[in-house]
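Novice: Given the sequences, and given the hints that come with them, work out the whole structure.
Just so you know, the protein sequences line up as chains A and B, in that order.
Counted from 1, the first sequence has number 88 at position 88 by this note's numbering; the numbering is strictly sequential.
Counted from 1, the second sequence has number 201 at position 201 by this note's numbering; the numbering is strictly sequential.
Quick caveat, the hints were computed from the structure, so don't treat them as lab data.
Mixed in with the good hints there might be a few duds.
[Claimed, not checked] Partial list, derived from the structure: chain B residues whose beta carbon lies under 8 Å from chain A: (1) Phe137; (2) Ala141; (3) Leu144; (4) Gly150; (5) Pro154.
All residues carry an ideal CB built from backbone N, CA and C; glycine is no exception.
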Amino acid sequence: MAEETLLSDDFLRQLMGVGEVDLLVGVPSHNDAQTIGATVAVIEESFRQSFTRDRVAIVNVDGGSRDGTSEAVLKSVVETHPSLRGLTSLRTIHRVSTRYQGGPSPGIAVKSILAAADLVRAKACAVISPHSANVDTNWIKNLLQPSYRDEFDFVAPLYSRHKFEGLLARNLLYPMTRATFGRGIRELHSTEFGFSGKLATQCLGQDVWREEPVRKSPEIWMVISAMTSGLKCCQSFLGPKVQTAAASGTDIVAAVRETVGALFWCLESQQEFWTGVNAPEAIPTFGSDHELTTGASRINRKRIFELFQKGVKDLEPILKTILSDETHTEIERIALLDEKNCRLGNELWVKVVFEFAAAYHHNVMNRDHLLQALVPLYRGRIYSFIAEHQTSTPDEVEADTEKLCLEFIRQKPYLLEKWNAK
Amino acid sequence: MKQLIVQGLQQAYQNLVHMISVFLPRLVAMLLIMLVGLFVALLLKYLLRLILRFTQLNRLSEQSGASQVLRNAALPTISELLTRSLFWVTWLAFTLVGISILGIPELHEQLSRLFQLLPEVFVAILILFVGVLAANFLSRAALLAAVNAGVRSPRVWSGSTRFVILILAISMALEQIGLANQTVTAAFSIVFGALMLAVAIAFGLGGRDLARQTLERYLGDNKRRDREKEKEEEPSPL
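Specialist: Next comes the structure, spelled out in structure tokens:
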């Protein structure tokens, strides 16, 4: 199957030189020469520590770097920690690097890694981003072990986070996936994840790689594809995550377009599955289920509030075509309140999200425009969340997240009603 | 005298009978052609409606906002509009062919002119329709981008986008049917030039500081600082 895909002759030659492997770690890159060497070194160190007897390979797929990223991958030197002196891998650790055409694309990068995994018949694989500044050997081990030893097909990461980080995941992606697909993945969108060779082969055979949501957020589609195929999914705790300077400050609009767009697209393409899911199931988790920190944060709440208010006012004609009259009236009422009293509560937020999902399904307008129209309302939601949890402890935040999940589950019939309406 | 009058009347009667005998078959032929045209037009309308039902035209129209424009103008859906247009164009064509059989040269000439103008009018309407679609789509994109970026007066940006595209579409449509070519081109140049000049003056004089900041942001090495600022203002979504 891999031979039919986008593997270049040179890449194929390199992979044939590697032969069959047990474990494969893919590193997608684009102009990451400064950080990728350290990432590759950590991966090799992890192989040396935890997978001494296994056949392993590191595959770098590059989106056209001009700063010598590929060279940095192939030439980076691994310095063994003094405490590990004498511990060496019994097998050769192969490093392979290839470049794909058409500029950086997460979809093409992941597809290339899947094709490589399929070709070398890897049993367990992981994807690691060079943008994560604090990758350590445990990350690699924790992402590979569940697939390799316990036969899980998808391993989602869990990070230790500040309570006001990852709010899109906490307020939408996680609770909605749990309510609709019946399994809650906390980090649905992540640049690090693990998967089995079986899932790689299955995903590679799907004719979805030209779809925009899959090209932008392939991991969301992969995990949902694993769930709907009855494959085993789990979560594995990695610890705190620090982004490199180049990757920090993620744009809210881009994040909503990519991740919510991918989730809505999956809802549509897998509707036979999720419309039949009744009771959500717990997902096995390795390590801590969640870990929140509560240090000081630099957030301009006033600006978020203003963007919400102005957004609701200026986008009135667009929101009217997406939301029901009742929901739109309520949103407008809230947007007129002052900072102290303005709260977009769980019940209304779930209604908003479900009505947007149904509008996406019914094509009431260009889908990209529809997703962009959700941004001001998401700002209203995070403003409420931040205001509510300014002094909350991690347990209180977690309890509130659980309440939101239950509200999503309670209102699932409403989503079905809107979804099936003509 | 009496005989002359009778002869004149007989001549007039014969002429009338002759004219009627010549005109009546033509009239019947015209009516027959119109009737056949009606059947053909109805058949084509039915076939096109069937074809459009299988295409995604109405969905595309909803997505691009064209349906909203049509609803606002109290017009039917895009596929209904197309089927009705096909019906009327077909039937009109048959009617014109029928009228030409009547053999009235002046009427025939006028109708020929109208017939020659029809494709131009059709193309002009098409240009206008595409223009309205583009104006609607791009003005909505501008509105969303401006609102989400926190730009002041996003509706002004959106309205300006719609206005410029509509002016362009109208001028192109009028040029297509050859109506006041030079006037339309000149009017468009004046409106567009004035608009750009107004923007340039407003931005250059009224917003010198904003211009400097914008140039600094794009040309200077301030991207990292901006990113830091954004990070300070909004929490990371992922």
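Novice: Now tell me if each hint is right for this structure.
Specialist: Each hint tested on the structure:
1. Phe137: holds, 7 Å
2. Ala141: It holds, given that the least Cβ distance between B/Ala141 and chain A is near 7 Å, below 8 Å.
3. Leu144: holds, 4 Å
4. Gly150: Holds. Min distance 5 Å.
5. Pro154: Given a least distance of 5 Å, the restraint on B/Pro154 holds.
In summary, this structure violates none of the numbered hints.
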